[in-house]
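The chain contents come next:
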Amino acid sequence: MYHKMGRSLMDGLQNFSNLPSTSREMACGSFLYQQQRTFIQMRTVLKVVDNSGAKKVMCIQPLKGKKGARLGDTIIASVKEAMPNGKVKKGKVVYGVVVRAAMQRGRCDGSEVKFDDNAVALVDKQGQPIGTRVFGPVPHELRQKKHVKILTLAGHIA
Amino acid sequence: MGASRKRITEQHRLEYKFLTLIEEWMYKVWTELCRFSGAKIYPGKGIRFVRSDSQVFLFSNSKCKRYFHNRLKPSKLTWTAMYRKQHKKDIAQEAVRKRRRTTKKPYSRSIVGATLEVIQKKRSEKPEVRDAAREAALREIKERIKKTKDEKKAKKAEVVAKQQKTQGKGNVPKGGAPKGPKLGGGGGKR
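Protein chains in written order, with this note's numbering: chain A, 1 to 158; chain B, 1001 to 1190.
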C-alpha cells in the first residue's frame, strides 16, 4: 500500500497538493516514494463506512470546492457497488460526507492529519446519515462542519 | 488583481484560523512524542497519520513519516530514540539514580488516637506480656457475665417464692408477678 509509484492524478488536472516543491523533485527519482495525495474529485472511488448498504461509491461532484473535496466535505456520488439487501442500491445517486481522506488536512493547532484511505459516510440532503453505524476512525473536523450525528455513530474519533 | 486577491484570501484564512483557535479552545499546549524518532513535537508541528485500524501515529516531520511509510525500522536507525534504547546508550546513569530512590525506611509517626509513645510502647511489648494482658481481660469479662447470671437467678428465685406465697391470696398480685421477672431480666442485661 505504501510502495506505489507515481501520482494518482486525472489526465489534464494539475497537482494541487500541499506538499512542498522539493519533495516532488525527489519523487521523480526514487522508487520507494509514496503517492502524491490530492483532493477527492470526479471519478474518485471511495469506500463506504456505514451500514447503509453501499460498498463503493464514485464521486460525481464535490459540493463546495473548485479543486475537489477534502476531509469533512460533502460530495455527490453514484453507488457502484452495493450489498444485496440494503437501503441503497447500485446506480443510485447519493450524498456523502468524506470521513477519511488520504490527503492531509490542516488542524486548528497547526498540525496535519491524514488517513489511510478515502472513505465516505452516506447522508441525505438534509445532512442526516442514512446508515446507523459508522466503522473505522473519524476525524474531529466533522464537529466543525456540523456533522455531529456521524460523530455520535462513530466508534473511534481520531 | 489576481495577486491581491490571493493575499486577501490568505489573510482571511489566517484570521479565521485565529478565531477558531480562540473559539474552539483546541490549541495544544503540550508537546507530544514522535512515534518514529521519539522527538518532541511542539504545537503547530508534526503530521498525524490515522491508519484504517484506528491506530494513530504522530510524526515530528516528513522525514519520520517517509521512513515509516517506507517500512524502515526505527530500531535500525542510529538517530532514533528506539535505537538508543535498544543499544542501551545513556541508560546506566538513569538506572543508578532510580535504585537510590526506592529504599524505604520504616517511619513512625503519631496518629490521631495514639500518640508516638503509645505506639512505641505497644510495639515493644513482649508477647508474654501481651498474652497475660489478654488473659486478664478475658477473666474479667467472664466474671462479669457470671455476676449478671447469678443476679438473674437470684431474682428469679425471689419472684417464684413470692408467687407461691401470693397464689393463695388472689388474682391481683398475679398481675404484678409476671411484670417482676421481665423487669429483672432487663436490669440484668444492662
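Please note that the accuracy of each hint is not assured.
[What the hints assert, rightly or not] Distance condition first, Cα-Cα at most 30 Å in a straight line; then the derived DSSO-like pairs of lysine-lysine:
1) A:LYS66 with A:LYS146
2) B:LYS1122 with B:LYS1142
3) B:LYS1063 with A:LYS47
4) A:LYS114 with B:LYS1105
5) B:LYS1073 with B:LYS1045
6) B:LYS1142 with A:LYS114
7) B:LYS1063 with B:LYS1076
8) B:LYS1146 with B:LYS1121
9) B:LYS1045 with A:LYS66
10) A:LYS114 with B:LYS1073
11) A:LYS114 with B:LYS1147
12) A:LYS149 with A:LYS64
13) A:LYS125 with A:LYS66
14) B:LYS1045 with A:LYS145
15) B:LYS1063 with A:LYS67
Derived from the structure by calculation, the hints contain no laboratory data.
Results for each hint:
A distance of roughly 21 Å separates the Cα atoms of A:LYS66 and A:LYS146; the hinted pair therefore holds under the 30 Å criterion. Simply put, B:LYS1122 and B:LYS1142 have alpha-carbon atoms about 25 Å apart, close enough for the 30 Å limit, and the pair holds. Of the pairs offered as hints, the one joining B:LYS1063 and A:LYS47 holds, with about 29 Å between alpha carbons and a cut-off of 30 Å not exceeded. For the hint linking A:LYS114 to B:LYS1105, the alpha-carbon distance of about 52 Å lies beyond 30 Å, and the restraint is violated.
With a CA separation close to 22 Å, the supplied pair B:LYS1073 and B:LYS1045 stays within the 30 Å bound. Using a Cα cut-off of 30 Å, the hinted pair B:LYS1142 and A:LYS114 is violated, with the two alpha carbons roughly 81 Å apart. For the proposed pair B:LYS1063 and B:LYS1076, the alpha carbon gap of about 15 Å is at most 30 Å, so the pair holds. For the hint linking B:LYS1146 to B:LYS1121, the alpha-carbon distance of about 33 Å lies beyond 30 Å, and the restraint is violated.
The straight-line distance between the Cα atoms of B:LYS1045 and A:LYS66 is roughly 28 Å, inside the 30 Å bound, and the hint therefore holds. With a CA separation close to 21 Å, the supplied pair A:LYS114 and B:LYS1073 stays within the 30 Å bound. Simply put, A:LYS114 and B:LYS1147 have alpha-carbon atoms about 86 Å apart, too far for the 30 Å limit, and the pair is violated. Distance hint between A:LYS149 and A:LYS64 is fulfilled; the C-alpha atoms sit about 21 Å from each other, no more than 30 Å.
At roughly 20 Å between alpha-carbon atoms, A:LYS125 and A:LYS66 fall within 30 Å of each other, so this suggested pair holds. Taking the CA atoms of B:LYS1045 and A:LYS145, the gap is about 24 Å. The hint holds against a cut of 30 Å. About 28 Å separates the Cα atoms of B:LYS1063 and A:LYS67, which keeps this hinted pair within 30 Å; it holds.
Comparing the model with each earlier hint shows violations of hints 4, 6, 8 and 11; every other hint is respected.
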